[in-house]
Amino acid sequence: MSQQDSESVPSPAALQDWIEGRLGHFEVDLKVHLGPDGTWQRGLRSTWQRASNELWYRLWELRRAPSFETRCAGLFGPFTRDRSAWESTLALFSHKYGRRVPRPGVPAAAAALTSMIEIKSNRMNAEAHVAEWDYRSKALRAWFSGRSDAAVDEFRAILGAGAEPYLDAVMAGLEAGSGSLFARVSRIIAREEWLSETLAILIENMEDPEKRAAASDSVREHIAHAAALRSGTPEAYIRPCIDILSNPRMDLTSGVPYEAASLLGRFPDRRAAGSLIEALGRIPLEYVLLRANIVFALGRLRHPRMLGPLRAVLRGPRAVRVGEKETSPGFLQALDPEKREAVWALGGCPEISEQSLSDLTRVTSLRDRKTLAYLALAVRRIGVKQRERDGHIDAAVLKILSGLLGSEHIEVFEEAAAALTDFGYRDALDMMYFKDFQTVPILALKPSSTGLYELSEALLYMISVRRPVVIAVTGDSGTGKTYFCETIAAGFSDVRPDEILYLMRDRRGDRTFDRILGLDWLRRNVDPEFYEDYDIPEHEEDPQVFFDRFMSRHASKKVIILDGWRDSAYFHQVIKIFYANGYLDIIVRFKTSLSTRRSNLEEREGTLDGVESHLPLVEDPSIENTGFYREGAVLVYNLDNSMPSRLSRPEILEVFGRKKVPNWADQIHLGLFSEAPVRLTAERDSMRRGRCALDCRQTALPASRQSSVAIADSLLSRELNGDMLHEPRLLEVVRPERIDVAGIAFYTHGQLAFRGRDGEVGVMVGFEDRAYSANAHAGEALGLAVVGADLVSYDKDGVVAITSLKEGSVRKFAATHSPVTAICRGSDGCFITGHRDGSLTFWDIPSGQIRVAHVNKCAVLNLARDRFGRVACAGPDGSICMVDLSRSESVMLEGFNRQVSCLSTYPDGRVVAVLSPECDQTEGRVTSIEVRLVEPGTGDTEVVRIPEESPVSSVHIYFDGRILLGLRRKTAGDAGTLIVAEPGAASPGFWRLAGHERDTASCLTMGPRIVTSGIDGGGRTIRIWGAEPYVQGEHDKLALLEGVGTKPPYHRSLF
Amino acid sequence: MAATPRILVVDDELPVCKSVARAVSGEYEVDTALSAEEALLKQAESEYDVIVTDLMMPGQSGMDLLKALNEKGSATKVVMITGYPSVKSAVMSIKLGAFDFIPKPFTPNEIRNLVKRALASGTPESGNGKGVARPVVPPGDIYAISDNSWARIEDNGLARVGVHDSFLKTIKDPASIDMPRPGDMRYQGEACVRLVDGAGNAHRVWTPVSGRVKTVNERLKESISCLLEDPYGDGWVIMLEPTHLEEDLKRLTHQAR
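In the order they appear, the protein sequences are chains A and B. Residue numbers for the first sequence follow our numbering, beginning at 5 and rising by one. Residue numbers for the second sequence follow our numbering, beginning at 628 and rising by one.
FYI, nobody ran anything at the bench for these hints, they're computed from the structure. Just so you know, these numbers come straight off a predicted model, no measurement behind them. From the three backbone atoms N, C-alpha and C, an ideal C-beta is built for every residue, glycine too. Possibly wrong hints are sitting among the right ones.
Claimed, not checked - Straight line, CA to CA, 27 angstroms or less: simulated BS3-like cross-link-like pairs of lysine-lysine:
#1 B:K722 x A:K663
#2 A:K389 x B:K645
#3 A:K663 x B:K799
#4 A:K816 x A:K800
#5 A:K663 x B:K645
Said to hold, decoys possible - Simulated DEER-style distance windows between Cβ atoms:
#6 B:S646 x A:A135: 56 to 66 angstroms
#7 A:N251 x B:K731: 54 to 64 angstroms
#8 A:T685 x B:K731: 52 to 62 angstroms
#9 B:H871 x A:A818: 54 to 64 angstroms
#10 A:P169 x B:S646: 57 to 67 angstroms
#11 A:L27 x B:D811: 51 to 61 angstroms
One chain only, chain B, in its complex shape (with noise of 0.2 angstroms):
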């Protein structure tokens, strides 16, 4: 990576672009593209270390420009920036090696804070010093939205769902958890949880399946130790009813046994 990490944002609209650029500009070096066209030429020029795009634009979409940056085997990182109604699609870009997305409207902190999760992820000396310095391994059958949120489906037919290591990995500080009320709806790609670090940035969770929250794991109420210390074990966040599962397996990645 460069000294100053170098950014790149890509959206047809050029008020979004600017005020994106404008929300990440100051500690990185930043750049921006009209069109995912214009956003592989800047690339070809020289790397950046992530691609902030957003998905549907006239001509190529950031779809394409993802799958152009994988068939070149591009380290850069990708977050798609997505309207409400493509929410599942960025799920699915997700899959295909995005590193993470945002739906709009977001606030300039909300990027900002992914921006630097980004940045961070591809240091191997992330960390959030709270957590275990040993690596932990994902269990085997989890449905996962990549490095985002996990998924196991129970016996019984529920989902419980956590929060990957990779991604607290990401968050300096983490303190405090916001989690969803029993009986709330959650969609696939909303956020379901949000965990709030040190400096009171709210970093979103996705939700990997679409259902009724039946539980939440109260004992991360009073401390979010074991999250962090067993994030697949102890530390799952909150138990679903599926409402959707077979249409939303299709779109995550599945990490047999």
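In isolation and in its complexed conformation, chain A is listed as follows (with noise of 0.2 angstroms):
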């Protein structure tokens, strides 16, 4: 450059030449400054080199942003805007730099940046804020300002009476026109400069063996105080602990580099990258999270030459001796962790990792499960990678895969899917078969991408019949539920946000879920530090009020979201509640892969601390344990949220945004029949009542034994109905092969669980098309419940069996006080059976009691729990007693002349009890069943009577209140053996469906369809029934699918 050149003004363009060259030969790993002559200088030791690094660093952050231009403009625009500012520039320069630099040029106007940069926060510290009796600040804060008004005297030097005008033009121009980068650095570097000052000291202490514990304790606290900031000037302290980590002589037991390195993994900075790499070579092995840690702030950088070092740590030894000494052999300290950490930052650069494949086969020999997710992650992306650019795939990396797949861990193997997945390989994991399917692999649940489509139809169409709605969305910590809810309160479609309440478990100052569970309780299942603020006292406080109270005050939200990790001791008995109360209409469960689970947590907690403090906080009872998902009473969507699955914020909204199919509320409920109902007569009647305090006798449970049993698997067959046009509510006939099929129950969405009459019990999987059965008893197995997972059933004999399909197992209680004739589920993991001695058994496994009580006269034949825990059971005698287990009380209900046939309960409280025609003793021959429901608490009772005059095998409630009815004929004939009743005070009808030929042993609901089992004249069936809408839709669609063999997603879970 000339003479000439460097006395006039630079050009914009010019300027911006410059600044991208300097750029590209910016060294951003090396702590270089810009000199004066506009060359990279090592070192950073004043405050105008830091201030140079800082600047030049945020500059190539944003060298690839569309501002970038307008920002370089806006920090150098200010000293050339015009020749008296670059002549007042150049002549600061020449003041300083003139003997080194004589002819600067564009430089003077980085000096002269850099040198406003470090005025500027020395007057930032001069003008802190610091407490009135804090000395040491005060003296800090007096010295920053005798450094800046040092800057302005040296200003006045060189340029007189210029000076202040030239400084105040230049300070306006750069915080106008930088776009807030001149004001970021300047608070970095004075943040820093504070700081440094403050922990020289402190760490100068640590050395002083007297002082040592308390700097370090001081210097721990900054240091993860800054971390924890979501605000303020983190970025301040990344120098400091980068030069905390890259001191040899600190001490590595005293917990500040350890705080040092979680610092630099919550802020990922590209200049800590050589610092961290020189660590993890010199800090010896033992310091096992010290360098998980390390290696974790390596993995978010994604920094190339990472690859050596990780390597390294993959090659090492497995574990390392500590504490050895002549007097004790120490102990050997495995080094998962940072294999662990180094695995996972692999798997984030695939482009470098490819180099490593034959060090990443080595931890296949490792058993931790996040090691081997996190290795089945990192080979998805490099075949990802590979197939991307060459078109083909290593066949090391799905060597990997294919001994991942084998993994007893479920999360291994859904991430060794999720890549064959990738791959293309769809196909071959589809010709797999589950048979862990009560831990319902991510690979059988629905994608969030569809799922929430259904949701939000769903939701629509609930707003549009009442109000408040209640969703819960659950799933294990880091599954993306608040990102989802936050999104939905937020307002969606023409629901506003003041009509949504949301509410999430642990939301500072929000008291709404510890009083909906009462400090009783909280004070038996929480640590008190939750509730020690908790400000009603015990006696004046009722749950239950409050909770009453709390749904009356919302009566108008349209829709009440709760938010929540749903854990046994807290989230999961505030949704019980809601449940029990009848107020909880959709569960939403969302389940991710374990590296999408990481991922979000990474991005959430920032540390390696977080991440592994927030992992292990999964959903405690499984939801496949619990009676929202086994009893199919709330619309549950379980749902798929991994990366490749879930929906954006602005997706979500759009899928919310509207509704989209008008009849939506036939596609999850029981809809409408196109022809009329019989209509009946209204008939009322009333029962005797007397209430009696419950006899309940506590013991141990009665001797089992366990053992294990082979469990079969077979195929289902499905034949779609072929004769539309005489039985239009018939879907599909489904045929197990080789089970005969007795009685079938709920299990979950798409599971059916039955007992066969050969004693086996099993699950009938839709998504499979497979049944999985286990011989539990030698002859049938006459009853059958569902609790928890498990299978309970009884035969003849009155053997009880608890059949655990996932374990293989089956744990039979031989001899209990009366054989058992009946047999329904209870909560939380217990079930209850009848006797024939008229007794009532409370089996409470969990806590290995049963609580007996003698409640009828002659033996309990049927047996029915409504949602508020009361039982109702009856006899041959026609009489009910409805228990009350919690209250200790019973109801005795007297006055049909006729036995029982089916009990059940109605949603409204109500017992219904169906009597047979054939049942009759007194009158002879009856022409009519008798549905009768009878309010326990008066004996009132609805009576509606069908005239039919074949015995009843079976009832099932809809939620709606219709009551569906099996039938028993003797031989097979027209009239059908499946009535859909609807009771009424003003005109009660039913109709009739056709059923099974002979016998409609079972029937049952899932969303929209009817399913029941029976028998007919080829042997017995399952079919799946509903309202002709619905049926016509979905036989048209599996129309199209006939002979598939895979299921589109849509259709999996099709029972």
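Combine the two chains into a complex, taking the hints into account.
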């Protein structure tokens, strides 16, 4: 550059070219600053040099941003805006560096800008707020004030009267034109300088044995506080933390390097890479967590230079001996954490990790499930990269994945399966089936991208018919619950934010969930620190009253969202209370692969500590073991919210923005039949009632024997209804191979539990069209209850068996006080049996106790439990006993002249007793079925009398009050064996459906489907029914798929 | 047809819907719907030139949408997106009047070409510039996947397979053909050959009946001129030994002699 050039004002284009030229040679990983001559120089000893480094690093970060040129112009423009400003800039430069750089040109502007940052940062510190008592900080403030004044004095000395106008104009220009970059860099330097002064003394004190502990604590506290900040200037801690980590004299046991590494992981900064790599090479293996934190921070940087050190970690020993002394052999410390983090870090950087395949292969011998899951992710990304680039995948990748597919850990299997799906080998996966169907693998779940569509339709429909609609969103920590909840809580479709009540667990200051649970419950189940500021005295509070008031206060809301990780000690109980009170409408459960959870948590928490403390927060009990899931009374959306399946915020809002299917109710509920029902006359009656105390005896569980059983699997074949003209309500017939089904029960959405005539019990899975079963009894299993994931059954000898298909075991209770004659599920892993001697047994398997209550004069032949936990039982004498174990009382209802054939409970709390025609002993032949709905509190009875001579085999109550009755005929006929009755004080009625030819032995509902099992001419079958519009629509779709082995996701859970 | 062709993409999976819309946007006015019901409402407001719809959706299916459009006498061309398992039903949908179908997964280029073909098929000036200007009348006794491919059952039981003239006319500058090898198995609804146009775009021709490839028309390897000049005669493509003939023929349109 000529003398002439150096003195002429640089054009904006020349400035921009120069800046980009400098950035092209900026070595981010080195501690460099831009010298006055415009060359990069090592060392960050002075504030000016650190300010230069900070400025150029931030510019380097922004170099590809659309606003880059504007920001550069804003930063350099004030020095070159006119000849006067430029001459002042040159004069300042010449005074300081004239001897070294006689013809500066553009570097003069860069040097002046750096000086301005230094002045600004000094001014910020000079004006910092400090506490009145903090004399040390006051002194520091004064020192910065002095530095600021000295700089201005220097300007005055050079520029004379023009100094202040120049300074003011440049400062104003920088603050206005740089898009906050100047202020940000100045703030970082100000904070860093202040901090360095503070930390320097503390770190010096750490070398003094007397002050070491207090100084270490103080440094750790400083850094930990900064790492926890979401606002402020945490970047100011980066250089001090780099220095701490690079300091070979730093005491590794002090926890200070650990905190420094954590902060560098929390705020990834490329300038830390060199120090992290150096520290990893220097710090001994026994500092396992410190090293894992360093690997974590390196992984967040995705730095190409990390490959070598991470490969070294993978190649290193699996354990190191620690604490070895003459007197003690010490112990072997496993190095899994750093290896796990190394695998994860390599997975995040497939561009370089491909070279580490041979080292990744070594990891397959580790047993840690997280490491293996991360390994599957790492090789998945490598494979995808290879396929994109070369069109093929290294056989080593497939070899690793095939090994991981056989893992006993479901997370590992899921990651490996996801990899194969990404590679385009989904067909191979579809050929597999999952014997462990109870732990539903992600592959069997609906992806969020389609599931949220269905949820949006269901939610918009429900809002149109009731309010408030209560939706619980649950899942393990880090599955995206809150992201989803916050999105819809901001309003969707025509639902305004103020019409939505969003309740999130652990939200500071919100005591709603605590109040719903009550202090007494909290005291018994929750750590006191969580309710220490609970402000209601125990004697003044009644959780049920609070709940009722809460619901009435929010009765005008359209939606109440309950968001939280569902743990048995807290949030699960909250949801149970909503459910028990009849207010829970929808459960959304998000599940993701482990890698998605880890990525989400890493994004949210930022530190390895945070990730590791949240990863274990998984649902307990698993959704499959909850009443909401097993009883089928609420809509359950069990969705795969892993990375490729999830919807973004705008996508969620678009999907929830409008109703897309007008008749969605027919897709989720049993619809209306096209023809009018046969009308009946409403009748009323009254039953005698007597209240009595419950005599209940508690003992240990009877003796039992547990044994392993083989789990058999067999196919189900489906046959679409071929005669829609004559039977428009029948969708399809399912024929189980090799199983003689005697009865069915709801297991979960898309799965049916069954009991067989040959003593087997099992589950039919719609997803795979397979049945899994175990032989639990020598003869026919007479009754069945689904308790958690287990199947509880009994046989003619009264033997009770608990079958776990997951564990392949049967636990048999041979001798109870009296043979079992009826069974039903209880709550929370419990079940109830009725006995020949008129007693009830309440089985509490988790606690190992039973309670026996003698309630009936004769054998208990029918049992039913309502959602409030009360149990109704009936025997041959026509009486019904309603037992409330929690209150230790029972109510006897008498007045029937016939034996109760079937018993159930109505949604409003009434008892439904079905009296078959054949059971009449006094009036001779009776030609009607009586369905009696009895109010246990008063004995008032609504009677629905259906003209029908055949006995009733089964009853099922639909949530809207319709009653399904299965009939048993001696011979096949045209009249049908399935009745849908509609009680009602004004005008009851009923419809006849064909049912099974001879006997509809069991019936239940699954969303819009009625599922029955029974006897036909050709044997026993399962049949699926529905109202005409639903059946027609589904029939058309299934017809398109006829003969297709693999069902598309929409049909996966069709039962 | 409007000055700028209007396309409606219908799929219940928003990401799929958006990516298809993105693939065909640029030259056309593109709209999206998340259900068949919503698509019908939008179509009622103003007709689209092409509807690209998923076959399987909650509520009404793509087939229901096609039927509803047929009932209204709509001139809109329907392209059916289908997962692999329902290719046969997609063949059926063509019999019911869909323009064509595209199995998942597909590339943006493939869906773009298909939409382009659908739009070209409706214009009087459609033609490939290389073939005959006169209209080619298909001979009798062929079984066809609508305007895509045809099969004729020979006396020896083999199925002679060719490409429909109307399909050829929708391809600008057909340049070459990729054919299977004898012995390869092809199932109904799968691509049996690919026609590559001058710009390098591949266009799939569907297998009308499932079977093993017995022979291929070697002349086409040298030049595809006979395919363009005599698509129902010397321009036949492959000869198949059918495996599921009776079942497959039910889904095809039969043109009697």
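key: Hint check against the structure, violated hint numbers in rising order   = 1, 3
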